[in-house]
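Line by line, the protein sequences give chains A and C. With my numbering applied, the first sequence covers 1 to 298. With my numbering applied, the second sequence covers 1 to 485.
Quick caveat, the hints were computed from the structure, so don't treat them as lab data. Computed from a predicted model, the values in this text were never measured in an experiment. Note that the Cβ used here is the ideal one computed from N, Cα and C, for glycine as well. Wrong hints could be hidden among the right ones.
Stated by the list, open to error - Chain C is nowhere near these chain A residues, computed Cβ spacing over 12 Å in every case:
#1 67
#2 231
#3 272
What the hints assert, rightly or not - Computed footprint of chain C on chain A; a stretch qualifies when at least three of its residues, placed anywhere within it, have a C-beta under 8 Å from a C-beta of chain C:
#4 124-132
#5 244-256
#6 280-290
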Amino acid sequence: MPLLFFVIGLSLAVGAEFSPSIETYPRVRYQPRLSAQSILGMWESQFKQRKLPEKRVVAVWGLADEGESLSENSQGLSLARELSRAGAHVRIFDPRWGQDEAGKFLPQAEFVENLLSACQGATDLVVNSDLSLFQSPDWEKVKTAMKGKLFFDCMSLADADKVRAADLAHFPIGGHGWPPWLDEEYQNFVEILLHKTKPQDRILLLPSSPLTTLSPRARWYLLLNYAAAPRKLLIGGPSNASGTAPQYQDWVRERNRQGKLKGAALDSILEETQADWILWFKQSDDFKTSDWQLEAVR
Amino acid sequence: MMGFLGGLLVVLTAYLAGRLLMPNRTHYARSRYEELTTSILLGLATLMTAGMAATWALGTFSFGIATLLSLGFAGGGVWRIRREWKQAVEPCAFPVWERPLMLSLAIGSVAMTLAWPLNEFDPILHFGLKGKLLFGGESIRGEAFHALTGEFGRIMTHPNYPLGIPILEAWSAHFAGEWSDRWIQFPLAFWAFCLPGAVAFGLRRFGAQAARRGALVAACTPILYVMEFLHRGALDFAEAGLGAEKMLGGRGDLPVAAFVALACGLLLRGGRCRFLAGLAMTAAILSKNEGLALSAVLLLALALGALWNRGKGLKEFVLVGSAIAVLASPWLIHRTTLPAIDENYTEAVSYETVLHYWQEDESADKSPIPAKLYGEEWSEQSHWRPARIARYFGSEFIDVLSWGLLWLLFLLGIPQALRTPEIRWLLLFALGGLALYALILLVTPWFLIALHQKGIPARLILHLLGPIALLCSRVNQPKQDDPVH
């Protein structure tokens with residue numbers, strides 16, 4: 001078995017020219033049951049049990065991936081079945097299969113004819129398939145049709161900026177198959193940071209707006225600290241910021257309680273830390289260069 | 001190119017340092033394979049220990065220190081090689097048809113390590129950052145390593161992790177003149193290659209067949225390279241070497257396993273090797289905090305083994321204990337000054353905590369995500385930690401994709417190990433190590449299921465691969481063949 005691992009692993013490395021990139025990683029094949037549990041857990045944590053699954057109307061786009069045939073175990077269908085079993089009203093649109101083909105697997109589900117009909121009055125949207133049709137719809141129209149705003153993106157293929165611009169709450173629960181340091185925008189930003197600052201500089205990291213996610217993937221400052229070394233990155237509450245995922249979650253709450261630093265308080269911190277730069281950031285698990293602003297202090 | 005040369009130079013220096021310390025060929029028989037692998041491991045242990053001592057004394061790990069130490073060790077190694085040039089070595093223990101297998105595993109493990117640059121969370125953030133700071137000239141007494149407890153300060157995950165691996169990385173970077181995420185791993189690419197050789201060196205005392213069997217058992221255990229490969233079927237093919245299931249690379253677990261295997265192998269050889277076993281355990285301490293706990297368990301096992309054997313073997317306890325006390329002291333003293341922001345098991349292991357988790361179920365308070373999202377593992381199983389730990393350990397023992405038949409062989413070997421005085425301490429160490437990790441998991445301040453999902457029980461038990469391979473191969477030996485000292 002180790003030999004098999006070496007042969008396959010080294011072939012993969014040769015194919016990627018020994019340099020990992022986002023493309024090196026296969027897209028995550030999510031587990032329907034875990035994804036359904038994520039959605040149920042999210043409802044519970046978001047609404048503190050007030051909105052039970054029975055009160056949710058879930059628009060489900062897609063039952064299986066491009067090129068796949070429909071079966072009882074198709075991943076999109078399985079997820080829809082889990083949500084339906086939990087008590088949610090599931091409304092499905094898939095251009096390939098309707099009531100006749102998929103109804104026998106999902107007796108409680110409603111089947112509709114297009115994207116927007118599925119969203120009409122829905123509290124949640126779940127994208128379950130990699131069909132190109134589902135990747136860039138008119139998100140404004142989707143939001144207008146929906147009653148709620150939760151969008152569970154099992155494929156992680158939607159453009160997060162456009163989704164957020166339409167005021168939908170985007171939860172990419174399919175997860176990223178690739179590690180955050182391979183993010184191209186992050187890598188470009190590192191280049192900019194290294195170019196603009198000197199190796200001996202001290203850079204103070206400050207959130208420019210309330211921190212909005214507890215996702216450990218949003219800890220870009222950990223990666224920047226490594227990539228920018230020997231530049232000295234400084235942060236408020238370094239102990240919890242550097243700690244494990246639960247400590248990081250405490251750190252987010254702490255920072256939000258303290259609010260944005262400004263005026264005399266900011267001057268005092270700058271004096272204390274001897275910072276040469278402030279790196280203002282908005283927190284997100286998707287790295288956006290526009291979320292990071294470098295400001296010279298002296 | 002410079003990165004490659006820098007890394008290569010460190011490995012060469014390590015080999016020469018190891019050769020300097022290896023006992024002579026006449027009294028401690030070995031094949032060239034055993035000598036090469038044991039020397040590299042011993043040399044890496046020496047570089048880590050000497051590098052830590054120098055860094056502690058001077059505050060920084062500079063190019064000057066790296067060069068001076070390298071010249072000293074390399075010079076000594078060359079002198080030793082010249083002196084022993086004509087001394088004979090034992091023939092290779094492997095029949096011709098097994099050699100390609102061992103060679104492929106050795107080359108494969110080194111190539112697989114270097115095929116990617118640092119590409120995982122722990123190697124980058126727990127170890128790589130510290131190495132980069134040392135390379136950049138930061139003082140280990142300065143704010144980079146200490147300023148984590150104030151209102152504003154520096155960023156560092158696990159600040160109280162030992163500096164052995166970062167020192168090796170910085171060493172490579174110094175010789176290369178640059179930090180390369182790929183080539184600073186060069187000295188870290190040899191753990192899986194050398195561990196089976198160290199096992200064979202220890203077993204050579206019982207003959208060539210024992211050495212051969214020990215090396216094969218260790219080298220063919222999949223978790224030495226990868227954990228649960230093919231567990232997810234086709235996805236593992238598509239992601240081979242990209243995920244965190246890979247054991248190779250800049251992590252701390254494989255070096256601990258390699259140094260523990262080396263220490264046990266050296267202890268089996270006895271004589272001057274016993275002091276070197278202390279050096280190997282020091283290197284385990286310098287690789288990961290678990291090395292310290294394992295050192296205590298080893299000393300306890302040696303002491304109990306000596307009591308069992310009516311005092312025979314007490315010298316091992318004294319020599320190993322003294323060596324660790326002296327060689328590890330720079331790190332242990334420095335460690336007391338470091339902030340323990342997220343991992344402090346010396347405080348966690350208390351009677352109250354043990355009693356708490358023994359009597360009460362684990363709550364979901366520490367779960368990083370809603371516990372419900374862990375599915376069946378949370379909802380359909382007992383929340384009593386001892387039961388959960390027993391289940392995790394049990395599932396490891398039968399996980400053939402990670403461990404092959406190692407645990408079965410171990411289980412079958414226990415009765416005979418109890419009857420064999422010279423290896424009772426090894427059995428006590430293996431069982432003590434398992435008990436230690438069960439205790440650590442019992443009192444861990446983190447959510448146990450989350451740790452399990454990170455492969456924590458398997459990564460901890462990996463540290464015991466060497467002693468278990470030694471024990472299995474010794475007790476399953478049909479008869480003592482051509483024993484040597």
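To see whether the hints hold, each was checked on the structure:
no. : hint    : result
1   : 67      : 15 Å, holds
2   : 231     : 9 Å, violated
3   : 272     : 7 Å, violated
4   : 124-132 : violated (count 0)
5   : 244-256 : holds (count 5)
6   : 280-290 : violated (count 0)
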